[in-house]
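Enquirer: Using the sequences plus the hints, can you model the full thing?
Here is what each chain is made of, one letter per residue.
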Amino acid sequence: MEHILEGKELNKRFASEKGDTTALTDVSFYLDKGEVLGIVGESGSGKSTLLKVVSGMITPDSGDLFHDGKKYTGQKPRKTGEFLQVIFQDAKSSFDPRMPMERSIAEAGRGRADRALILEHIKKVGLDEELLSRKPSQLSGGQCQRMSIARAFYSGAGILLCDEITSALDVSSQAQVVKVMKNLKNDGKMSALFVSHDIALVSMICNRIMVMKDGRCVEQGEIGKIISDPQHEYTRKLIESARKQEIVNEVY
Amino acid sequence: MKKRIAKIKIIFVSILALLLIFVTCFAGLFAHNDPYATNALAIRTAPCLQYPFGTDNLGRCVFARVLYGGRTTIAATFLLVFISFVIGTVVGMIAGYFGGLADRLLMRFADITLAFPQMVVAIAVAGILGTGMTGAMISLGITMWVSFARLSRSHTLSLKNEGYIQTAFFAGKSDLYIIMIHIFPNLLAPVFTNALTQIGTTMIGLSGLSFLGLGVIPPKAEWGSMISEARAYIQIAPWAVFYPALATIVTIIVFNYLGDAVMDYREA
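Chains Z and F are the protein sequences, given in the same order.
In terms of our numbering, the first sequence is residues 1 to 252.
In terms of our numbering, the second sequence is residues 1001 to 1268.
Wrong hints could be hidden among the right ones.
Under the rule of at most 27 Å between Cα atoms (straight-line distance), these lysine-lysine pairs were calculated in the DSS-like manner [stated by the list, open to error]:
| # | chain 1 | residue 1 | chain 2 | residue 2 |
| --- | --- | --- | --- | --- |
| 1 | Z | 189 | Z | 225 |
| 2 | Z | 79 | Z | 189 |
| 3 | F | 1173 | Z | 79 |
| 4 | Z | 71 | Z | 8 |
| 5 | F | 1173 | Z | 76 |
| 6 | Z | 79 | Z | 8 |
| 7 | Z | 123 | Z | 179 |
| 8 | F | 1160 | Z | 76 |
| 9 | Z | 71 | F | 1173 |
| 10 | Z | 123 | Z | 135 |
| 11 | Z | 185 | Z | 70 |
| 12 | Z | 76 | Z | 33 |
| 13 | Z | 123 | Z | 182 |
| 14 | Z | 33 | Z | 79 |
| 15 | Z | 33 | Z | 179 |
| 16 | Z | 135 | F | 1160 |
| 17 | Z | 189 | Z | 33 |
| 18 | Z | 124 | F | 1173 |
| 19 | Z | 189 | Z | 8 |
| 20 | Z | 135 | F | 1003 |
| 21 | Z | 123 | Z | 185 |
| 22 | Z | 33 | Z | 225 |
| 23 | F | 1007 | Z | 135 |
| 24 | F | 1002 | Z | 135 |
| 25 | Z | 33 | Z | 70 |
| 26 | Z | 79 | Z | 185 |
| 27 | Z | 179 | Z | 135 |
| 28 | Z | 70 | F | 1173 |
| 29 | Z | 79 | F | 1160 |
| 30 | F | 1160 | Z | 18 |
| 31 | Z | 8 | Z | 33 |
| 32 | F | 1173 | Z | 135 |
Rather than coming from a laboratory, the hints here were simulated on the basis of the structure.
Expert: Laid out in structure tokens, this is it:
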């Protein structure tokens, strides 16, 4: 069976005055239909760069990308947007501050105007129709993020690339977004790459996990297997730190 | 509270600005004398009931000339600021949005235009086109669009990295669509504020060129040329210089204050 999304031996270096920085080294992954792949790692591990490479915002130096078995390496977001959509960390800035939500969501439809479909997706993410007439500044961060998810679904793209989508939210908004993502995952209609530094969060939402460090994939596999039997030292440390955090949360 | 005070300021100064524009546009309603009619029997008459601002060296009513002259000065200023605003904003958006070679070429061209002293350019343009308001406007416009271009370029550069522009790319929107629907409306406020603050400077520039004889052709009424003509006999008829100068100063203060008030409102 062909994977809905696949990356093979992706490499990316950034040149700067201080010298070259390697952001990705031989990173390979795949994503099957209806599956959520979590990408975890600390800041600077290359997970966001990987998302940018996969989305077409950055072209890899070498390696290839495939969608449904067809190579799309080098394609820009205007083209990749036909089958994938990015949900950014800062949800508010992903909506034009001057536009009402409905117009921003409709814009993602590539010329298709279907209000009923917009309403359907809005309900799916647990928002009211009344919010569609508001501007981003009149919504909370969590509401904006759920609007982003609704917009991504309305676009008709089959793959979501979620870049730290709960990091900029408060705890209650995080919970709302996580609930939406879990529901969508359980429906089995969502295929997504879910980037986060929080392994606990990833374990709640994803089927499989890929652990990144210094631009390399150090481990990947089924979520249960990785959590219960991590092979790499770095993965063990991430899990340990998440467990400590859970204890702290329980105490306070 | 700050925002409310700034809003009240804008309303107050806007009323003054509109009043100025109204008075000059409908000068005929307020000035009963012909601004171009000479009167040999009323040369350099001091302000009186018939001539509220007195008369000049040819017996022309200074009050009527100030009002009609305001029409020339304000209209030329607004037109020049508008044209510079349009050209500068378009150039800045193209340079900032597309970057690369387009950016380098357009911005270096902007730097080159700034390298020439304005008055030298004005004299050169007057030499080529002859004196007149069109020449004066062109000579000022050659450098004026640059401030709009730089401002809109810097705003475009920062807007380009906003998430909603990236989202528009993923939605397959064209460059023209993104520039017109997302970038232009979001940079309009700062560029418009700049346009308001440019009105005063432009008015000084146009009046200055007219004062040097590079602006309007006499006998057309214009504040700068009126001051220039009357300065020869300032000791015997100071009103002929005083009133057009006062009109220029008041108009510049009103429009500068309007620009400052809008800026305060945006920052509040």
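Enquirer: State for each hint whether it applies.
Expert: Each hint, compared with the structure:
no. : hint              : in the structure
1   : 189(Z) to 225(Z)  : holds (24 Å)
2   : 79(Z) to 189(Z)   : holds (22 Å)
3   : 1173(F) to 79(Z)  : holds (10 Å)
4   : 71(Z) to 8(Z)     : holds (11 Å)
5   : 1173(F) to 76(Z)  : holds (12 Å)
6   : 79(Z) to 8(Z)     : holds (20 Å)
7   : 123(Z) to 179(Z)  : holds (13 Å)
8   : 1160(F) to 76(Z)  : holds (16 Å)
9   : 71(Z) to 1173(F)  : holds (23 Å)
10  : 123(Z) to 135(Z)  : holds (18 Å)
11  : 185(Z) to 70(Z)   : holds (25 Å)
12  : 76(Z) to 33(Z)    : holds (22 Å)
13  : 123(Z) to 182(Z)  : holds (15 Å)
14  : 33(Z) to 79(Z)    : holds (20 Å)
15  : 33(Z) to 179(Z)   : holds (20 Å)
16  : 135(Z) to 1160(F) : holds (20 Å)
17  : 189(Z) to 33(Z)   : holds (8 Å)
18  : 124(Z) to 1173(F) : holds (26 Å)
19  : 189(Z) to 8(Z)    : holds (25 Å)
20  : 135(Z) to 1003(F) : holds (20 Å)
21  : 123(Z) to 185(Z)  : holds (16 Å)
22  : 33(Z) to 225(Z)   : holds (20 Å)
23  : 1007(F) to 135(Z) : holds (22 Å)
24  : 1002(F) to 135(Z) : holds (23 Å)
25  : 33(Z) to 70(Z)    : holds (15 Å)
26  : 79(Z) to 185(Z)   : holds (25 Å)
27  : 179(Z) to 135(Z)  : holds (24 Å)
28  : 70(Z) to 1173(F)  : holds (23 Å)
29  : 79(Z) to 1160(F)  : holds (18 Å)
30  : 1160(F) to 18(Z)  : holds (26 Å)
31  : 8(Z) to 33(Z)     : holds (18 Å)
32  : 1173(F) to 135(Z) : holds (21 Å)
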